[in-house]
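Let's have the full structure, built from the sequences with the hints guiding it.
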Amino acid sequence: MFFFSLDPDVISWSYLLQFVVLAPLAVQVLKSSNQRWHEAIDLKSVPAKTLTLWTLIWLAFWSIAALLYWLLPHTPDPFLLAMNGTRHIGLTITSLLVAALFEEIIFRACGFRLWRHTRLGLYGTLLLTSLLFTLIHIQQYSWHLLLFMFCLGML
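Each residue of the sequence shown is one higher than the one before, starting from 744 at the first, in my numbering.
Please keep in mind that the hints were generated in silico from the structure rather than gathered at the bench. None of the hints are false.
Listed next, the in silico SDA-like pairs over lysine to any residue satisfying Cα-Cα at most 20 Å (straight line):
1) K787 / G864
2) K787 / L844
3) K787 / T798
4) K787 / L869
5) K787 / H860
6) K787 / L898
7) K787 / T868
8) K787 / A852
9) K787 / W797
10) K792 / F804
11) K792 / L802
12) K792 / L898
13) K787 / F855
14) K787 / R851
15) K787 / L865
16) K787 / M897
17) K792 / A803
18) K787 / E847
19) K787 / W858
20) K787 / R856
21) K787 / I848
22) K787 / W801
Being a predicted model, the structure only gives us computed values, none of them experimental.
This is the structure in structure tokens:
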């Protein structure tokens, strides 16, 4: 098993280092002479009917996930326990902004850009990016939350 530090300073600096090193690579992947950035991440307007449908699916998913989390026995995650109540400003900024934005850029924008139009297609790309996203969090969370993250990524 890999070493994972629960020290807020280590987590903050590792997030920032990953962002500084990998963000320029992500920008290069997203650059294309025949596409604008919003086309690369497939940012399009969504009809109200489709948005309503997916909002209802999302709400149903959250409801079922919350019910299962409440019903199934589980132990608290050491990572979440260590982070609970922390007032470390660097960790807060990197966790809420840098890590979240970076993960979306890497897995949704770059992942989709690289794999969407291959033999994987849409569903294979969704499966692969959700699996990779889940795997990078494997030491932070219990299998309950990992399964939840994977399923949420598939939405």
